[in-house]
Amino acid sequence: NIYKSIDSAQNIKYSFYCMKFDFQGPNNLPYIRRIAYMFDEITVLVNSKGEITDVKKPENMDERWVETKAKILQNYGGDAITNYLKQVEITIADKEKLIAFLQTDNMFGLFIKGLSEMENPNPSSKIKKKRNLKRKISLVKYSFIKKPSLMNLEMVFL
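Residue numbers (our numbering): 18 to 175.
Think of the hints as simulated: they come from the structure by calculation, not from any bench.
Be aware that a few hints might be false.
[Stated by the list, open to error] Within a straight-line C-alpha distance of at most 30 Å, the following computed DSSO-like cross-link-like pairs (lysine-lysine) qualify: (1) Lys-103 / Lys-130; (2) Lys-88 / Lys-21; (3) Lys-86 / Lys-73.
[Claimed, not checked] For each label pair, taking beta carbons as the anchor points, the in silico distance ranges come out as: (4) Met-135 / Tyr-93: 37 to 47 Å; (5) Glu-80 / Asn-123: 22 to 32 Å; (6) Thr-121 / Glu-76: 20 to 30 Å.
No experiment lies behind these values; they were computed from the predicted model shown.
Just so it is clear, CB atoms sit at the ideal spot from N, CA and C, and this is done for glycine as well.
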């Protein structure tokens with residue numbers, strides 16, 4: 018679920034609540050799934066250019082990370098895992114690194130850039146918008162043509 022609101026400075030706030038992640042291919046590893054669920058609830062503030070300017074993580078995210086890391090280390094070991102978990106920990110702890118991570122296309126960057134472009138249209142855009150206006154709740158489909166295999170979202174905005 019994604020909730021959207023606009024503040025007085027015309028920044029857009031997106032609150033992401035991920036109920037289920039779909040893992041396929043080489044990323045379908047138990048420890049990757051555990052780490053992904055660390056980002057299941059997060060709020061970002063986005064400017065008109067589609068750049069994340071602020072992030073609000075859940076109050077218990079740091080506690081959840083300690084538990085998640087401990088569970089992963091019970092089943093996995095070695096320098097590669099230890100270094101990877103350290104990088105995740107640094108990212109969670111450092112607001113600027115967290116913003117940079119969330120801005121990547123693999124996280125929310127492609128989605129946010131697409132929505133920003135729809136709010137501030139560019140005539141040369143490759144993003145097409147379809148809207149079903151027959152309902153009180155609008156169903157909006159976004160297709161990102163830049164990387165068609167990466168993302169095709171269907172959302173309900175209340």
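Consistency of the hints with the structure:
no., hint, in the structure
1, Lys-103 / Lys-130, "29 Å, holds"
2, Lys-88 / Lys-21, "34 Å, violated"
3, Lys-86 / Lys-73, "21 Å, holds"
4, Met-135 / Tyr-93: 37 to 47 Å, "41 Å, holds"
5, Glu-80 / Asn-123: 22 to 32 Å, "25 Å, holds"
6, Thr-121 / Glu-76: 20 to 30 Å, "24 Å, holds"
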